[in-house]
Amino acid sequence: MSAAASLPTSRLAWVLDRLWHNRSARIGGGIIAIILLCAAFAPWIAPHDPMAIDTLRRLEPPSAEHWLGTDEVGRDLASRLIHGTRYFVLICLITTVIAGVIGTVLGLISGAGPLIADAVIMRFVDVLLAFPTILLVLAVIAILGPSLTTAMVAVGIGNIPGYARLVRSAALTIRREEYVEAARALGASELGIIFGTVLPNIVSPLVVYTSYAMPLAALAAAALSFLGLGAQPPAPEWGAMLVNARSFLFTAWWAVAAPGLAIFAAILGLNLLGNALRDVLDPRDA
Amino acid sequence: MREAALLSVRGLAAHFVTRAGTLRAVDGVDLDLASGEVLGLVGESGCGKTVLALSLMRLVEPPGRLVAGSITFDGNDVTAMDTRTITRLRGRGMGMIFQQPRTSLDPVIRIGNQIAEPLISHAGMSRAAAAREAIALLEAVGIPGAEAKARAYPHELSGGQAQRVMIAIALALKPRLLIADEPTTSLDVTVQAQILALLRERCRALGTALILVTHDIGVVAQLADRVAVMYAGRIVEQGPVGDIFAAPAHPYTQGLLQSAPVLGRRRERLAAIEGNIPDLSRPIPGCAFAPRCDHRPTMGERCDREMPPALAVTPAHAARCWRLATP
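Residue numbers (the numbering used here), protein chains in the order written: chain A, 1 to 286; chain B, 1001 to 1327.
Here chain A stands alone, though its shape is the one from the complex (with noise of 0.2 Å):
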């Protein structure tokens, strides 16, 4: 794709072409597209097996055998740390689909359904909304008992009334736009017209929100990790490694190094990448 200004044909040709242009959206973008190879080729790219323990090398300091050192069970952090960007997509995706779909439709259905379903929804999304979301995401894993699933699942619920906040006011807008009338002119239906009409209109905000949204779920969802309440050691996620490590932090600071910095890099990468977007998408902002 070259960099001359062409008319792009479609939409979203448009997108990545400004998105090309955005310094940010460049970072960003090199950071996700890093972890999203690691993610696919970790079992080739990785040097060691994550999980082989070695105890005669705990807590080695960067070598050329072990990039980035060993942890307190002898494990190469290097092959952990490319091994966790499974679960870093895995949280980021599952997360997102759960909060974003349930999200979306409970919005829709809300912001251009019957007024009924709107009082109901709401009141629902109302409920989620009284707990602290940290509180809320705990008494999911309370019942749900603590795992990776569950914290995904949790995290999941927590953000689905974001979602639907921002979705049904978007579908109140876009439902009295003259299109939608046309729309029902021409014989579509109501069901047709909340999916065929008002949610292609708010995929802008949608992509937007889930900039925002998509970070702060996956840091949510390690720092249940790292309380113990997601992922669960031996896995190789970022937040259970960093836990792990915190005990050997004035011997052996890489092992809580590595899985830090990698938290750090990969959210940065998704909110650089956010922030880029929502420029391009939302050009309200700025």
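Keep in mind the hints are simulated off the structure, nothing from the lab.
Among these hints, one or two may not hold up.
[What the hints assert, rightly or not] Here are some chain A residues pointing at chain B (derived, C-beta under 7 Å): (1) Glu178; (2) Tyr179; (3) Ala182; (4) Ala185; (5) Leu186; (6) Gly187; (7) Thr197.
Even for Gly, the Cβ is constructed at its ideal location relative to N, Cα and C.
Assemble chain B onto chain A, guided by the hints.
Coordinates of chain B only, in the frame set by chain A:
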């Protein structure tokens, strides 16, 4: 001469019930339309013509509501239809186009897909067939380079082109009735004439009846077979276009005609109808036009007390004015 009625409206009333009171936007309308006929529905802003147009398709939204009357379309009672039936009727039986063509098109969907959508969902065409048909329809409404334009988004069209696309969409399923609500008001004068000519040509080609809602009496003279003049939620005069223009029977119609500029006739000022339309949130027992009517002083109190019925001028031409009642 006239075929069986395609559309027959009796005593139709659409009210908007709000906390401030009940607005009688449409209040007892009788209307008939034959197959393939072009009816001009004329009236000034706020007289209820748009609400009437929406009522015909049951598109009036809360707080608006159809409170009385019947709409018979093609032998079926529209007011009694369930949601599924009315949805099927819209688009297939009746189409509608609006005043602002550019905001009537979905901004995020290519126009080819917008034309194809009803063909797929209502007529059960395959995606490929619908796409081909969409291009043919774009050509039929005079869009140059139809194949390329089918991939365009609405913001890439001019107002005139957008209205052409709306016409293509509304007529895609060959409905028996098209309701055009001020279709040219937002367009350039030069484009207006083209769009009106296109509307007439397409409707004639498909045998579609047309209700043209407008405040522009000149447009009606150009296009309509029959005219219905609306005032304060009622139809005050109805008849063949020639009769109405040659011998308007209702004082309001007379005023409308005098307030329209006529080419070749020079006047210092156009005649205006004094006063404003009445407050529709208050019941009007008599003739709604009485307070503005030049004839009111000579007619006496009956105008204020009693609503005049539609009185025949000729068999096809009627007006709601007491002056037509035999004295």
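Here is how each hint holds up against the structure:
The restraint placing Glu178/A at the interface with chain B holds, with a minimum CB-CB distance near 4 Å, inside the 7 Å limit. Annotation: Tyr179/A was flagged as interfacial toward chain B, and the flag holds, the nearest CB pair being 5 Å apart, inside 7 Å. About 4 Å separates the beta-carbon of Ala182/A from the nearest beta-carbon of chain B, less than 7 Å, and the hint is met. This hint holds: Ala185/A has a C-beta 4 Å from the nearest C-beta of chain B, less than the 7 Å allowed.
Look at Leu186/A: its Cβ gets to within about 4 Å of chain B, closer than 7 Å, so that hint holds up. Below 7 Å, beta-carbon pairs count as interface contacts, and Gly187/A has one with chain B at about 3 Å; its hint therefore holds. Here the hint on Thr197/A is kept, as its CB sits about 6 Å from the closest CB of chain B, short of 7 Å.
In the structure shown, no violation is registered for any of the earlier numbered hints.
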